[in-house]
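Put the two chains together into one complex, using the hints given.
So the protein sequences, as listed, match chains A and B.
Heads up: the first sequence at position 146 corresponds to 146 in this note's numbering, and the numbers run straight through without jumps.
Heads up: the second sequence at position 282 corresponds to 282 in this note's numbering, and the numbers run straight through without jumps.
No lab work stands behind these hints, which were simulated from the structure alone.
Keep in mind that the hints are not guaranteed to be accurate.
Some chain B residues close to chain A (C-beta under 10 Å, calculated; not the full set) [stated by the list, open to error]:
| id | residue |
| --- | --- |
| 1 | Asp13 |
| 2 | Leu15 |
| 3 | Ile18 |
| 4 | Lys58 |
| 5 | Phe96 |
The model shown is predicted, which means the values in this text are computed figures rather than measured ones.
We treat Cβ as the ideally placed atom computed from N, Cα and C, and that holds for glycine.
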Amino acid sequence: MKFCAVKQYFDDENNNNITSGASTTMIPLPNVESHPLAILITYCKKHLKIKANNADNKKETEKEMEQYEQELLKKVMPQELTELILAANYLNFKEALDFFCRAVASAIQNKSIEFVRKFFGLESDFELGEEEKLREEFAWSFEGVDED
Amino acid sequence: MGRLRSYSYLPQDLLEEILTRLPVISIIRFKCVNKSWYNLFENHTFIAKHHRHHSSQKNPSLLVEVEDSTTTPQRSVMSLHLADGLDSGVSLDMPFIPERLVYISDCINGIICLRELSSRLVLWNPAVREYTVISNPPSHVHSPSNVCYDYPTFAFGYDHISNDYKLVQIGTYSTVLYDLIDQILHPVVHIYTLSTDSWRQIDTGFDHSILNFPGECSNNLYFNGVYHWPGCIILDKHGRHCEVIVCFDMRDEVFQIMKMPNLGDISHIEKIWKTAAVLNDCAALIIYDLKQTKQFDIWVMNEYGVEESWTKKFVIGPLIVELTLHDQLLLVDDKLALINDKGHILLYDFGAQEIKHLQLRNLPGSVFVSQAITYVESLVSVARGKVEAKKRG
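Okay, chain B solo, but in the shape it has when bound (with noise of 0.2 Å):
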């Protein structure tokens, strides 16, 4: 057979190909082996190209938000892989009980934002079990009693310039004329940066008297660097308006505004933006027609930046279950996840075109899922704290 030379023969590069594609977990006990494994796991260009090889794997993971009315503490967290189809559901430890989870922001580089009940910021890497708690988030001004301060809402992302995490939060207040919402007045949006470990307050740049956008949290796009919310424009005093796409580049940290696709009768406000994903390395919107309600559009943003080129890629439907409002839809891959008002999560298989209930388990009836979003593991170090492991009974 020849001569069969031994790992040790393995050159650097070789041995770092070999270790991209282990899991975080082992990569983390791996540490021990000696100084060299130990630095080298702890260098950014390993952590980065460890990332990237995780994000290109055909293995899509979710981390969801699980309720068990049968258990204590009723509320998980639990990340899954949809590829093993069905029961690969494992339980994370959460920097705080998870009955005190209000807000749970998209996956950035493996790292999720949490807000707890006390309005405490946390940001997370479960993979590594840390996290650090972001100080002093800005509270809202005191402002005259006809004014109301809305629930604010985030945007965390990340400037790969600067290689550093931001999270925006932006606060809308409105006049309330008896009891009733008046006019919404200029958001108050302040930013945080990781490296500094500070809020700064920045200025929308927007005549808000025609812009309105509240920024909410569920159908919003994090893509290339750019946040994307839905909003309005109003066109003149008759209610006429036209919406648009809000944008928020986490690098320049300005806004901007883009133009929706031509989804023919505009002023048709039956047709709303469901939800908004990255589809084959395009930004895509889930287009929902209320009128419809089993079946969706799909249209995609082929080269990113030019408003001409939205196109409607796909129609879904007719599905066997009606969509709802409350339904929250992501894409995974080439796979669409539905996660109903009863919490079972549907797959739909674009290639194969057919939904599957997709369990976790040993799901009885008293589980649900409340939120779900996709999850790519990695080794990037948030931290100021270590998750504590809870004790399992």
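Next comes chain A alone, as it looks inside the complex (with noise of 0.2 Å):
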């Protein structure tokens, strides 16, 4: 089901005996920004539209959906997927919210962590010599890291 907190929200209204006379109805989403919400109904439209083309196939859906995800990961910057990430949580649309961390996830492991430090705005809190120590112990896990 995506967007949970939407339906939520039309069920409520079902309860409340509101008759909706009008096609559209307007849903306060306080905690979204119009920019990622548009790209999550993207995300969610061509989804859907991927899953109906391919009915019986699990696995060309998987394909096209992955080669749609890589795409889309070209034209959004790794800063912007916190607010994709927000907005994905708080809509409650799980598959969306699985493919932003993974994106994330994608974007740092290689990294060093300097700049991990700098992409969460966090600074080491260890004593003196407690991280050399650290870096040595896992010194093999730093092999081939990329460049900062």
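So this is what it looks like as structure tokens:
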């Protein structure tokens, strides 16, 4: 189910017996900016379309979805992903949340400690010498790290 | 575009969603970021969540033992991704020289049990490069000269209630008459618990004059916290017997018997339990008919524990290649990996119905695969020793 938060809103409306005379109902989404919302709507529509096109073939759906996701990532800056993650989480859109979290993980997995600290706005709070010890202990995990 | 909040604005649970999707090597490195991340990555709940996520991904890996007659050492253990199709093999540093490797267990929560030539047993997590030596495995009791002790078999598993790892050692004894096995005696079973680093003996609870089960490890199945082996109940003095599944529950530490699927005429020994695996979250048996070596059946137990729920789900074949008894079969997601006696991995895709030759990187004729297991990385610590990186020449 996509956009569960929105569906919840509709369910609540029906329970309150508000006649939906007008076909357009305004649903307040105070925590979502318009730009990420637009991306999420496009993502959702695309996902449903791909699923419909490949009704029985789960593999094809996965493959096409992956291709679409790769294309989408090229147009989105890593910095924008926070907004997308927060929006997908607020709207309870699980597939999009998974995708955007995976995208961030991919973006940072080969990066250095310094890069990651800057990215998340973190600072080292280790005692003097503690960090060096850890770096030595885990030296093997620093192989192949991207240059900053 | 509106405001762009930075990542420092992300709540902890969403940050964790991102971090669980990182590979183990990145997480180990990021333990150096700050104290909060260090503690998070050591936390059992996070570790379990991380492993659960990676287990559910459609990117299966295999851990393979490879032999190359042109290199020194000849043997090595590699991990490779099936999805990358061909050449993603990465050589792993082992707790001891690969030449001395005798046995590899299945991978449970990212941990593998290894047995060395000297009978030393080791639990190994390749992703975090840690291992622990299992102390004092029981050696066999001195027996009279007409009693022969078979090579012990092992079952490595996990008790999810006590969050503990256990290893079962089954030693079978048989009496020998004129160099032939006369009678199979009661097996001696010991169980090791990681948390206490100790062994104790347990009772099988079976009458071994009628139940025959050597506990061979090559075709066992670990599923739902239970080990399953093929066994045989002797029905009468005329040699009639009934094939069964012998189960050992890692949690309760008890043995039980389960019925095999109805293969038709059971006393026909041409149908063999070739191997067992997990298919779509169900226990599955691959049954192989000696008379029809180009195909095999896959039976699935739709409802675990319900003997009537065994269903013949697939008939695979006819294959271009002939199956031999020595082939190793593995079910990985929706693919079947077959390791033939030439040491090649053949992939059979259920959906696409095609056989693909999976080649390792730079695979000359001198290289072949001797064993493979499915593998998912984890952060689970078994630390008591760190694996030294071998010098790369």
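Cross-check of the supplied hints:
This hint holds: B:Asp13 has a C-beta 8 Å from the nearest C-beta of chain A, less than the 10 Å allowed. The criterion of a C-beta within 10 Å of any C-beta in chain A is met by B:Leu15, whose closest approach is roughly 8 Å, and the hint holds. Given hint, B:Ile18 at the interface with chain A, holds; its Cβ is 5 Å from that chain's nearest Cβ, closer than 10 Å. Checking B:Lys58 against chain A by beta carbon gives a least distance of about 7 Å; that is within 10 Å, so the hint holds.
A cut of 10 Å between beta carbons decides the hint on B:Phe96: the least distance to chain A is about 18 Å, and the hint is violated.
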